[in-house]
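Colleague: Chains as they are written, first to last, in this note's numbering: chain A, 715 to 954; chain B, 715 to 954.
Careful: at least some of the hints might be erroneous.
Identical copies go unnamed one by one, so any copy, or any two together, can satisfy a pair.
Straight-line C-alpha distance at most 25 Å; calculated SDA-like pairs for lysine to any residue [to be verified]:
#1 K775 with E738
#2 K877 with S724
#3 K775 with A861
#4 K759 with D944
Hint data in this document are derived by calculation from the structure and do not stem from the laboratory. Bear in mind that the values here come from a model prediction, so they are computed numbers and not experimental data.
Number of protein chains: 2
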Amino acid sequence: MQSPLTLKLSAFVALSETDLQTLERYHRRRRIFQANHELIHEGQKNHSAFILAEGWACSFKVLPDGERQIVDFQLPGDFLGLRSILFRTADHSTEAVTRIEASEVLATDIFDSFAEAPRLATAVLWAASRDEAMVVEHLVNLGRRSAEERMAHFLLELGARLKLVGIGNKTGFDCPLTQYHLADVLGLSAVHVNRVLRQMREQGLVTFQKGRVTFDDFAGLVRLADFDTDYLDQDGPLLR
Amino acid sequence: MQSPLTLKLSAFVALSETDLQTLERYHRRRRIFQANHELIHEGQKNHSAFILAEGWACSFKVLPDGERQIVDFQLPGDFLGLRSILFRTADHSTEAVTRIEASEVLATDIFDSFAEAPRLATAVLWAASRDEAMVVEHLVNLGRRSAEERMAHFLLELGARLKLVGIGNKTGFDCPLTQYHLADVLGLSAVHVNRVLRQMREQGLVTFQKGRVTFDDFAGLVRLADFDTDYLDQDGPLLR
């Protein structure tokens, strides 16, 4: 069975035997963390990155007044803290949302793999670029979209990302996030999140109940959010 | 004389002769564009990327209602549209703010250079990660910082980035941006931008007049914005 990371990178590049063997070595140090464990702390030096195999994580920054801005959630196949192992100092924190399984990756693992399998370097740069494209969409959410548009865009994005790694489909997905997670990523209060979700359920667009997001009107949500999957670039493989 | 890109990447990695020669080849196709020329259009396929040598550019997304969210400004040494040449479709637009000089780079230039100089792959991944870290800070600006904190953080960031490529210093920098640019990147109205800049000038923090940003109280601005250059990771070289 292919790892979620392999599934994801395959959307960009047809991986060769060498690429796959090199990728395999990213998965030597398997770790398990409980929910809420902080894997990477902002300001930390010499930490590792991780590749998520199971469960959900989130990356965030805490402000001097204690407020938190969630930058993104990480799903199976995503890197945790990849950006930060290239930097001297981690520029953000990452914690487990659920119990997670993840492989620990050192900066040297990444550098060595690039020398052995340059196509993999391109694939990792693609994955990092895709992460950046998502942060850009979250920026547009905060800067220019209404609360309902933000919610629709964010839930559609999660659905599309999960579908790529074989979890979830057009009808919906299992979702461990709380109203506080949604508030901290969408720049809303928890009360506002509740009201927006209730309105969208009453309009027959989407239902988020009992840990499951159900797309009641997928096309309607796409229209509301002006959602276009181009920035996820997952209609795979481009590079053969 | 070193190109701004070489100066920038040298903050991360001590470039070898091979790395430098490979980098040199990114600069074969030099182009000149007038101010306001759109180099990359959102939704465009098969376009090129560019490396900025002189002048300022900006990347942005336009929403269905015509509103614009500026994601970032690009300065000498920065890639324009690097993310998008890895994708099938450009996920954002890029235009010249001033007259610019830039080298056109194709996806194959990038892929070939990674095969020849794997350390360069790491350096380009670092540069892309740094771009992402800046977008994250702009996200935090919109989500969690006051108008004054946003302005202070943004101007300090521009100053630090320009200093890295040998333009500007702790006293300030020449800045071609209008109040509309500032409004579109900071999520404020142009009127609000003017008011905030006036207040900050009267408080003796910063003056933006006649195309020049002057840091009147650098330490005070850093305190106001809680500005920490760690996310720019430019105290290099880390990788020798």
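Colleague: Take the hints in turn and mark each one as holding or not.
Modeller: Results for each hint:
{"no.": "1", "hint": "K775 with E738", "in the structure": "neither (31 Å within a copy, 37 Å between copies)"}
{"no.": "2", "hint": "K877 with S724", "in the structure": "within (14 Å within a copy, 39 Å between copies)"}
{"no.": "3", "hint": "K775 with A861", "in the structure": "both (21 Å within a copy, 18 Å between copies)"}
{"no.": "4", "hint": "K759 with D944", "in the structure": "between (35 Å within a copy, 11 Å between copies)"}
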